[in-house]
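K.L.:
Residues per chain are reported as follows:
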Amino acid sequence: MKIKKIMSKRAQEEMIGFGLIIIIVAVILLVFLSVSLNKSKKEVLGTNEVNSFIQSFLSYTTSCAEYQDSYYSIQKLIIECNNYESDCLDGRKTCDVLNSTLKGIVDESWPVGENTPIIGYELSINSEQTELISFTKGNITNNYKGSVQEFSSRGMSIIIDFTAYY
Amino acid sequence: MVNKKAQMKIQQTAFMLLAITIFFVLVGLFVLIFKIGSMQDTAEILERDNAMSLVSKLANSPEFACGSAFGTQKVDCIDADKVMALKQNSAIYENFWGVSNIEILKIYPASEENIECNSFTYPNCNIIQIKEGELAGYSVSNFVSLCRKESFEGSPYNKCELAKLIVSYESIQ
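Chains as they are written, first to last, in my numbering: chain S, 1 to 166; chain V, 167 to 339.
Keep in mind the hints are simulated off the structure, nothing from the lab.
Just so it is clear, CB atoms sit at the ideal spot from N, CA and C, and this is done for glycine as well.
It is possible that part of the hints are untrue.
[To be verified] Across the chosen pairs, the derived CB separations fall in these ranges:
| id | chain 1 | residue 1 | chain 2 | residue 2 | range |
| --- | --- | --- | --- | --- | --- |
| 1 | S | 27 | V | 184 | 17 to 25 Å |
| 2 | V | 213 | S | 14 | 32 to 40 Å |
| 3 | S | 83 | V | 211 | 35 to 43 Å |
| 4 | S | 113 | V | 257 | 34 to 42 Å |
| 5 | S | 93 | V | 204 | 48 to 56 Å |
| 6 | V | 284 | S | 156 | 21 to 29 Å |
| 7 | S | 136 | V | 202 | 34 to 42 Å |
| 8 | S | 156 | V | 233 | 26 to 34 Å |
[What the hints assert, rightly or not] Covered stretches of chain V, as calculated for chain S (at least 3 residues, CB under 8 Å):
| id | region |
| --- | --- |
| 9 | 251 to 265 |
| 10 | 281 to 289 |
Next comes chain V alone, as it looks inside the complex (with noise of 0.2 Å):
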């Protein structure tokens, strides 16, 4: 009678240490699902952000930086008329900035169709395409200032407009 009483309680242990056991690994897997998803998210934001970083590094790359040529040192400033003699000679960079498409978009002032920019257009123009190439991968953009100089009665002055600078990327890496 003794005996049976004690293999009931062993019984009784075992399966309440089991159902606990279960209990808690269930809320573990749930803890680590919810973890690993936001770690994703973190994941996808820190890429986005350094994808970004790139573009605005090559923004300040001495190819198409202001450097001083208007005024101060300017953060995130394109030399227009750099960029376009940069375009005449894109062949010779073709494997140098290892991105597929690069491209500059006038967005202020805004107008109504989009004009190429070439020999031809400048500066009445709003798109200046610096490298050609397949747009497979995904595409990164940033807010830049477009600067050249325009002349009034033949002395020059700076004009400055508000431009997206956007790369494509074949794949992540």
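If we strip away everything but chain S, and leave its shape as in the complex, we get (with noise of 0.2 Å):
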């Protein structure tokens, strides 16, 4: 009776030790799932095309005329939207051309909508500490693309920063 009794014990103490090393296990596995999912889920699509979209873009010759024969670039129209330097032929504000060009651009190219896989962009031009350009579309995801590029004129750094989230 004593023995049975002993057994039954051990038996019971085994199962609890065996219970805990499931316990154990699934508790780590769930730990790993977690931390793979939240990885997983905050993914960069890969950077290769908003490099070349910020590249074109700078390179766009704008409407806004330096001279009868020559227009200002987007990239020389940054420039001279932060020094405030000149103004265009027509007499329109370097930072107007600039913030209607830029918006155009962005809309074509990335366009945000029920029909496209773009949930929304957000576009930032800075130089050291003020902001010259600040335009953002749609909503923000964790599926996204984006680069930062700089460039400096005058010893000023310009920095561009686009995103697109899917």
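Once you've looked at the hints, go ahead and assemble the two chains, each given alone in its own frame, into the complex.
P.N.:
What follows is the structure in structure tokens.
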């Protein structure tokens, strides 16, 4: 009778031990799973396209004329807007032309809407402490393509940051 | 009695070992499936980036690139005048690029209707079809600046617009 009682107690202990092992392994597995899922949620889809986009729009020739046969590129317009040096030949402000041209370019290149995979975008152009341009459209998600590019003019660093959200 | 007890003990240990082994094999399988899944995602991203860099390579090839014709050397810049000349001799380049379709689509300034560029419509057009082939495979596109020389009262100036270079491949290699 006593032996049977001891055997039963030992079996109970072993079952508790086995159960504990399973619980520990399950907890480790859950932690691993949650870490992996969090990592895969925030996915950078590649920056090649955005890099090319920024490079390409910087070369775009705007409608803002410097002289009669010479028009500012976006890159030059950013510098002019930053330095407040001159207006366009037709009297428009360089910053206004920069703002409207960039808005048109981004809207046409990264259309946000129900029929497109793009959910939103953010564009900012900063010169050291000053924010020259900043606009956002749509929503921010964890899947994005983004790139930051920098160029300098007369010792001033200008940073262009564009992110498209999917 | 002792013999039977020992047999029971051995049986118990064997079952225990079997259960633990099956449990860890299942865990291992689960982890493996998860890892393979994320590896496939990484491979897809790499493949897409590779295809994209092929498009960039094409945009920066001597047949397309602006070189220093529009001031300083530019990356992802296509000389539209050069491309129009190339379009007229596209038969010579039939198997040169190893792609089935190459076209340049002007994005900004946007136009309401699609007008294909030829010697009559250029530069008031928005699609330059350089190589026309079957669209059976998959397409990759990248942003480029499309530059040309314009003239104002007889003096030339540079005009760059925003476009997309679209390349279609027959199959993934």
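K.L.:
Take the hints in turn and mark each one as holding or not.
P.N.:
These are the hints, each one checked on the structure:
1. S:27 - V:184: 17 to 25 Å: Because 23 Å falls inside the window, the suggested range holds.
2. V:213 - S:14: 32 to 40 Å: Violated, since residue 213 of chain V and residue 14 of chain S (Cβ atoms, about 51 Å apart) do not stay within the stated range.
3. S:83 - V:211: 35 to 43 Å: holds (40 Å)
4. S:113 - V:257: 34 to 42 Å: Taking Cβ atoms as reference, residue 113 of chain S and residue 257 of chain V lie about 40 Å apart, which means the hint holds.
5. S:93 - V:204: 48 to 56 Å: With Cβ atoms ~50 Å apart, the hint holds.
6. V:284 - S:156: 21 to 29 Å: violated (45 Å)
7. S:136 - V:202: 34 to 42 Å: The hinted range 34 to 42 Å holds for residue 136 of chain S and residue 202 of chain V, with Cβ atoms some 38 Å apart.
8. S:156 - V:233: 26 to 34 Å: For residue 233 of chain V against residue 156 of chain S, whose Cβ atoms are near 29 Å apart, the range 26 to 34 Å holds.
9. 251 to 265: violated (count 0)
10. 281 to 289: violated (count 0)
Of the numbered hints listed earlier, those contradicted by the structure are 2, 6, 9 and 10.
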